[in-house]
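Produce the entire structure from the sequences given, and follow the hints as far as they go.
From first to last, the protein sequence lines are chains A and B. Just so you know, the first sequence maps onto residues 747 to 1303 in the numbering used here. Just so you know, the second sequence maps onto residues 747 to 1303 in the numbering used here.
Some hints could be false.
Repeated chains share a single entry, so a pair holds when one copy, or any two copies, can fit it.
Taking lysine-lysine and the BS3-like style, the derived pairs with C-alpha atoms no more than 25 Å apart in a straight line are [unchecked claim]: (1) Lys1257 x Lys1223; (2) Lys1257 x Lys809; (3) Lys833 x Lys1132; (4) Lys1176 x Lys1132; (5) Lys1132 x Lys926; (6) Lys1098 x Lys1085; (7) Lys872 x Lys932; (8) Lys1146 x Lys967; (9) Lys970 x Lys1146; (10) Lys1123 x Lys1098; (11) Lys852 x Lys1257; (12) Lys1257 x Lys1176; (13) Lys1176 x Lys854; (14) Lys1085 x Lys1146; (15) Lys1257 x Lys1291; (16) Lys872 x Lys926; (17) Lys1291 x Lys854; (18) Lys852 x Lys1291; (19) Lys970 x Lys997.
Calculated directly from the structure, the hints in this document are not laboratory data.
There are 2 protein chains.
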Amino acid sequence: MTNLENTLSIFALGGINEIGKNMYVVQYEDDIFVIDCGSKFPDESLLGIDLIIQDITYLQQNKDKVRALIITHGHEDHIGGIPYFLKQLNIPVYATELTAGLINLKLKEHGLLRHTELTIFHAASKLSFGNVDISFFRTNHSIPDCVGIVFHTPIGAVVHTGDFKFDLTPVNNDAPDIHKMAEIGKNGVLVLLSESTNAERPGFNPSEITVGGHIEEEFRKAQKKVFISTFASNVHRVQQVVDAAQKTGRKLALLGRSMINVVSVATELGHLRIPDDMLIEPYEIGKMDPEKVAVLCTGSQGEPMAALSRLSSSNFRHVEILPDDTVILASSPIPGNEKNVSRIIDNLYLLKANVIYGSGGSTGMHVSGHANQEELKLMLTLMKPKYFIPIHGEYRMLYKHKQLAESVGVDRENIFIINNGDVVDVDHTKAYQTRRVHAGRVFVDGLGVGDVRNIVLRDRRVLSEEGMLIIVITVSKTDGQLISEPDTISRGFVYEPDAKELIKEVNEIVKTTVTNLSSIHGSKRTAIRQSVKKSVESLLFERTKRRPMILSFLIEI
Amino acid sequence: MTNLENTLSIFALGGINEIGKNMYVVQYEDDIFVIDCGSKFPDESLLGIDLIIQDITYLQQNKDKVRALIITHGHEDHIGGIPYFLKQLNIPVYATELTAGLINLKLKEHGLLRHTELTIFHAASKLSFGNVDISFFRTNHSIPDCVGIVFHTPIGAVVHTGDFKFDLTPVNNDAPDIHKMAEIGKNGVLVLLSESTNAERPGFNPSEITVGGHIEEEFRKAQKKVFISTFASNVHRVQQVVDAAQKTGRKLALLGRSMINVVSVATELGHLRIPDDMLIEPYEIGKMDPEKVAVLCTGSQGEPMAALSRLSSSNFRHVEILPDDTVILASSPIPGNEKNVSRIIDNLYLLKANVIYGSGGSTGMHVSGHANQEELKLMLTLMKPKYFIPIHGEYRMLYKHKQLAESVGVDRENIFIINNGDVVDVDHTKAYQTRRVHAGRVFVDGLGVGDVRNIVLRDRRVLSEEGMLIIVITVSKTDGQLISEPDTISRGFVYEPDAKELIKEVNEIVKTTVTNLSSIHGSKRTAIRQSVKKSVESLLFERTKRRPMILSFLIEI
Chain A
747 MTNLENTLSI
757 FALGGINEIG
767 KNMYVVQYED
777 DIFVIDCGSK
787 FPDESLLGID
797 LIIQDITYLQ
807 QNKDKVRALI
817 ITHGHEDHIG
827 GIPYFLKQLN
837 IPVYATELTA
847 GLINLKLKEH
857 GLLRHTELTI
867 FHAASKLSFG
877 NVDISFFRTN
887 HSIPDCVGIV
897 FHTPIGAVVH
907 TGDFKFDLTP
917 VNNDAPDIHK
927 MAEIGKNGVL
937 VLLSESTNAE
947 RPGFNPSEIT
957 VGGHIEEEFR
967 KAQKKVFIST
977 FASNVHRVQQ
987 VVDAAQKTGR
997 KLALLGRSMI
1007 NVVSVATELG
1017 HLRIPDDMLI
1027 EPYEIGKMDP
1037 EKVAVLCTGS
1047 QGEPMAALSR
1057 LSSSNFRHVE
1067 ILPDDTVILA
1077 SSPIPGNEKN
1087 VSRIIDNLYL
1097 LKANVIYGSG
1107 GSTGMHVSGH
1117 ANQEELKLML
1127 TLMKPKYFIP
1137 IHGEYRMLYK
1147 HKQLAESVGV
1157 DRENIFIINN
1167 GDVVDVDHTK
1177 AYQTRRVHAG
1187 RVFVDGLGVG
1197 DVRNIVLRDR
1207 RVLSEEGMLI
1217 IVITVSKTDG
1227 QLISEPDTIS
1237 RGFVYEPDAK
1247 ELIKEVNEIV
1257 KTTVTNLSSI
1267 HGSKRTAIRQ
1277 SVKKSVESLL
1287 FERTKRRPMI
1297 LSFLIEI
Chain B
747 MTNLENTLSI
757 FALGGINEIG
767 KNMYVVQYED
777 DIFVIDCGSK
787 FPDESLLGID
797 LIIQDITYLQ
807 QNKDKVRALI
817 ITHGHEDHIG
827 GIPYFLKQLN
837 IPVYATELTA
847 GLINLKLKEH
857 GLLRHTELTI
867 FHAASKLSFG
877 NVDISFFRTN
887 HSIPDCVGIV
897 FHTPIGAVVH
907 TGDFKFDLTP
917 VNNDAPDIHK
927 MAEIGKNGVL
937 VLLSESTNAE
947 RPGFNPSEIT
957 VGGHIEEEFR
967 KAQKKVFIST
977 FASNVHRVQQ
987 VVDAAQKTGR
997 KLALLGRSMI
1007 NVVSVATELG
1017 HLRIPDDMLI
1027 EPYEIGKMDP
1037 EKVAVLCTGS
1047 QGEPMAALSR
1057 LSSSNFRHVE
1067 ILPDDTVILA
1077 SSPIPGNEKN
1087 VSRIIDNLYL
1097 LKANVIYGSG
1107 GSTGMHVSGH
1117 ANQEELKLML
1127 TLMKPKYFIP
1137 IHGEYRMLYK
1147 HKQLAESVGV
1157 DRENIFIINN
1167 GDVVDVDHTK
1177 AYQTRRVHAG
1187 RVFVDGLGVG
1197 DVRNIVLRDR
1207 RVLSEEGMLI
1217 IVITVSKTDG
1227 QLISEPDTIS
1237 RGFVYEPDAK
1247 ELIKEVNEIV
1257 KTTVTNLSSI
1267 HGSKRTAIRQ
1277 SVKKSVESLL
1287 FERTKRRPMI
1297 LSFLIEI
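Set out below in structure tokens:
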């Protein structure tokens, strides 16, 4: 695969020029290390697709060299692809305790628990593979138990930050280990890979703890039930909801499968502390004094099947939002989700609830989990890398991150903005990007992994916008003449009761076309089908300015 | 239609619980007045639809009473439906000068110029129809020549604000006529209909003139060409771009059809003043010193076919964005457009341009054209209506607007949050909402108006997510036995070269089903087709967890 066996190579198989399906690779000679294995949700152009994962052809071709899949934290865009990955390439997985707990939920679902080697490490752990030692440093993000990774290779250290922010007054004392980062930087960093999600945003994020104060205030003010919705994986925020409920004398119900799952895993592993008598079941809510109830639920991004959406349309078993209940959306809509979130807010107002919402943390009920510009500069300053590769972001974010790196003194020529698949090769004296490995995306649709390709999506696109028309033509085997009337059906094209005339015209033009053609060519299948398609196509376009997909069947008897 | 002939009735046929397709109706006895006739762009769930307009069944049923279509201003959500409306109901249209100019562009396109009675009025004009006199007041918005409307009926005045903000330092002295509004309020307003777009936003909008300062500053700083993109209809902003170009010694090129159209209409009518030698053609840009060039273009919302998008992908004849050119997006992405806008910004950075962008006016390059909370309260205070109907907004906006009205003293019982079609009847002593007229949406798709209905969209939805499978079965007329192999084609379902086994299984199950059935029932068409569909459906779901649309044809010979 490569004639650069003696160098260090770094590349991404996902996560660059996109948000989602993160996967980064560090290769030193014959040892390949994979960092993260996320999934990505499709945008609306990928019709019917459930999930997008990485194309790992390169890793399969080099499977004897792949030593480990190391996971930085438990978010979907870092762990969501693991079951699909392991079905293709069963290698050992390494993760911290909480991350491993969340991965196990997935492995169970996919029936992979017994076949997977999942090793738990801690921020102080050290791993060793041939020439490469691996150590970690604790970071802070919107999920606990996050780490950055240091690969100690013979030619220098490669640091991958994972997702991070600097929260200096963290919930549960889950602080970033700045001293260790400083030490790593002092010892020399050859290459830094750092996340770029918020590289467009100036300043320094407020601490997660500020959210807790706002939650408690609203819990105190509320005269009736309080509903609060946030990402289940934001365990620190869940802790603050628990604390606010306790301080204001409310019991807490949990709604939504992922909320129940994450709370159970996080409690078991000690990342979440819930008083013994705090939790109640949904069916108990109706029997209690509304002032004594808080409900923590999923669906803060407007997901149509999640708890908040169902609550807002009065469609949740045992639980009802009533006039003057308070509903808090402790979140900021991710681009693309605004409309779904707005619809929920409309419905909550229709239920006469008091709704607390807003984007970008304007209500104080949300802070981002990703480093803003000053935090990114702090990381760059701590690590003072020789080479820098901005990762985890769309192009404009990588570009802004590059500018930030230059501003704190990284040489412009030593910064590499890459694409998925672009390889940065590093040796003692220099780094260069001249070659690529195969990278791409694979679609998951139902049980199918990779069986929906671009051509299938192109057909779905045409069908979705214009619909289709199917024509069955029955002709004589001997002379190609029509034996019966053409049989025509449309779907997604026109409302047929309104279009009887048009369908009649279609059948007429089909008859004429077949009759004319068969007298010349006899029963040449392809010629007949192509001519029919062409003449029907132009008729329909003239009449409707639409181009439905036209399929014809020729039955010869 | 109604047994309330002696009252005043007010309702909406579009614009409530939505942004778009505005149409409000004021009826006094036998005189019906229609206000605005906008279109709405479909969201992504309305697959393949080009435009949404109002269902005007009620007006058609009462066409002898419909006196006038009066337009408040020239935005698409207020004029976009006019050609479709006039084809159904040819009534006189009234508009201010610029609005009429923009309407004429549409009438021309639809071949309606000669058949339409379009009357131009001014803010000082008075119209009279039987018992009802109509006057206007000048407002300020993100397009010039806007008005609010006053219907003077025998039982009191009905005021419709149109879209508005209060810009007290307006470009071109295009100020809202606050004195006239105060007088209207002083004389007594029975019912106020006021727009609610920004009812969620606190404060008072900055003046459009602040944008001009920022534009000029960037024009001055730019070392190379400057590109600036904004809504073509924002003539005041276009004026400020012209002014900035003049002050900084740059010539100006216009790119994009709507920019050229609007500038031409607005210049002709005196709403825009461009120095004689200011404009250049696109092909001249390349020949000039980049420091002497500014380009004003369409596409600030990321529209894929508009000028900015094509420029960003180096796909615009004669014009190229080069390294260190400046590109300004003088806009804020409308929810739903963020992804397209982001893609353009990524591409502009790839071209090494200096890009100035940001949402919500964070760069100073955009202000909203809609009244914020303090401005809405100012309008309510000026008008001090007895009854209030918040219009032009989604539910949460109407709800917040209701709260604002209460805060400035409107009686809670006198505020009506309605749906499209809900009628507010008003007499001397009271107002009440007890009845509805027919209201709805009509889809425009190509040349078809109304021929795509919900069932067609449902089919498009299934086809778009799961694709389809078509099976042609040829059986004997006498005993219903198969005569040849089933013929199976799929589209949008699976990549067929990967799915040969599956298709083979389908054909097998079809054969078995037909054979079994025909031995019992003979050739009962429906029974055979239903059984085939059912057995194929469950096979495919088991194998793929997908449910493509299955269509079968039964040919009997």
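Hints versus structure:
For a Cα distance limit of 25 Å, the shortest separation of Lys1257 from Lys1223 qualifies both inside one copy, at 16 Å, and across copies, at 23 Å. In this assembly of identical chains, the alpha carbons of Lys1257 and Lys809 never lie at most 25 Å apart, being 59 Å within a copy and 44 Å across copies at closest. Taking identical chains as interchangeable, the C-alpha atoms of Lys833 and Lys1132 are never at most 25 Å apart, the minima being 37 Å within one chain and 69 Å between chains. Taking the shortest alpha-carbon separations for Lys1176 and Lys1132, only the intra-copy value of 10 Å comes in at or below 25 Å, while the best inter-copy value is 78 Å.
In this assembly of identical chains, the alpha carbons of Lys1132 and Lys926 lie at most 25 Å apart only when taken from the same copy (19 Å versus 68 Å across copies). In the homo-oligomer, the alpha carbons of Lys1098 and Lys1085 lie at most 25 Å apart inside one protomer (20 Å), although the nearest pairing across protomers, at 33 Å, exceeds that limit. Taking the shortest alpha-carbon separations for Lys872 and Lys932, only the intra-copy value of 19 Å comes in at or below 25 Å, while the best inter-copy value is 80 Å. Taking the shortest Cα distances, Lys1146 and Lys967 sit within 25 Å of each other only across copies (20 Å), while inside one copy they are farther apart (42 Å).
For a Cα distance limit of 25 Å, the shortest separation of Lys970 from Lys1146 across copies, 21 Å, qualifies, whereas the shortest one inside one copy, 46 Å, does not. Proximity of Lys1123 and Lys1098 under a CA criterion of 25 Å is satisfied inter-copy only: 22 Å between copies versus 46 Å inside one chain copy. When the C-alpha separation of Lys852 and Lys1257 is checked against a cutoff of 25 Å, the pair qualifies neither within a copy, at 57 Å, nor between copies, at 40 Å. Taking the shortest Cα distances, Lys1257 and Lys1176 never come within 25 Å of each other, neither inside one copy (72 Å) nor across copies (67 Å).
In this assembly of identical chains, Lys1176 and Lys854 lie within 25 Å of each other by CA distance neither inside one copy nor across copies; the values are 45 Å within and 65 Å between. Within a single copy, Lys1085 and Lys1146 get their C-alpha atoms only as close as 28 Å, which misses the 25 Å cut-off; across copies the closest is 18 Å, which meets it. In this assembly of identical chains, Lys1257 and Lys1291 lie within 25 Å of each other by CA distance solely inside one copy; the values are 23 Å within and 40 Å between copies. Taking the shortest Cα distances, Lys872 and Lys926 sit within 25 Å of each other inside one copy (14 Å), while across copies they are farther apart (78 Å).
For the identical chains of this complex, Lys1291 and Lys854 are inter-copy neighbours only, at 19 Å across copies versus 51 Å inside a copy, given an alpha-carbon limit of 25 Å. Proximity of Lys852 and Lys1291 under a CA criterion of 25 Å is satisfied inter-copy only: 19 Å between copies versus 48 Å inside one chain copy. Taking the shortest alpha-carbon separations for Lys970 and Lys997, only the intra-copy value of 13 Å comes in at or below 25 Å, while the best inter-copy value is 63 Å.
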